[in-house]
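Throughout the sequence shown, residue numbering follows this note's numbering, covering 1 to 199 in sequence.
The hints are all genuine.
Quick list of the computed label-pair ranges, beta carbon to beta carbon:
| no. | residue 1 | residue 2 | range |
| --- | --- | --- | --- |
| 1 | Asp50 | Gly140 | 16 to 26 Å |
| 2 | Val93 | Ala51 | 31 to 41 Å |
| 3 | Cys76 | Ala51 | 31 to 41 Å |
| 4 | Gly72 | Val101 | 17 to 27 Å |
| 5 | Val35 | Val93 | 52 to 62 Å |
| 6 | Trp161 | Arg42 | 57 to 67 Å |
| 7 | Val20 | Ala108 | 15 to 25 Å |
I should point out that these hints are in silico values taken from the structure, not numbers from a laboratory.
The C-beta atom is built at its ideal place from N, Cα and C for all residues, glycine as well.
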Amino acid sequence: MAVSVSILAIIISLHLIAFVFAIGAEQRRSTAKVVPDEYDERTYCVYDSDASTAYGLTAFGLLLISQTVINGVTKCLCYGRGLVSGSSTTWTVFFFILSWVSFLGAEACLLAGSTRNAYHTKYRGFFGAKDLSCATLRRGVFAAGAALTLMSLVGSVFYYWTHSRADTGGWEKHHSEGLGMTPSDYQHHEQPANNFEKA
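Turn these sequences into a full structure, and let the hints steer you where they fit.
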């Protein structure tokens with residue numbers, strides 16, 4: 001199987017766009033402040049925009065699409081044709097595992113960050129009480145998702161490239177072996193004719 005430039009372009013584009021959205025989600029995390037209720041003595045939390053949740057879920061979806069494309073093309077390394085044994089197959093398995101581990105880690109960070117960022121604390125307690133705070137997403141969750149997205153990009157690109165080399169190499173080896181058997185078979189079939197001429 002030859003390397004397709006269009007497949008590589010799709011994979012790289014989806015990963016990079018997902019990375020940008022993950023960085024945007026980290027920068028736009030919800031912040032909140034404790035405000036006293038004007039009708040009673042309780043306090044409540046006022047949050048700003050929930051854009052971070054939308055960015056995180058968008059990155060989650062784009063990364064999922066990219067992983068679906070790469071594993072659909074390569075048949076997830078399990079359901080396609082056999083690969084030739086050698087260093088190419090070893091690297092293919094390595095990058096296959098790397099792409100999946102980094103993909104699952106990135107998706108977990110993006111989904112957990114989006115869910116936590118969407119959670120809003122309502123009433124916290126009575127006005128004047130100490131140590132009141134509003135639940136917000138801690139820094140670094142979406143950043144970790146962005147870093148794992150880049151790792152997934154590297155793993156996916158090299159997995160596709162090594163898989164294509166191993167798949168093509170397997171076909172060439174089989175083809176060469178088939179051609180190598182042809183002369184011996186030809187001589188085997190020519191031998192009875194030579195014996196008949198001598199008789």
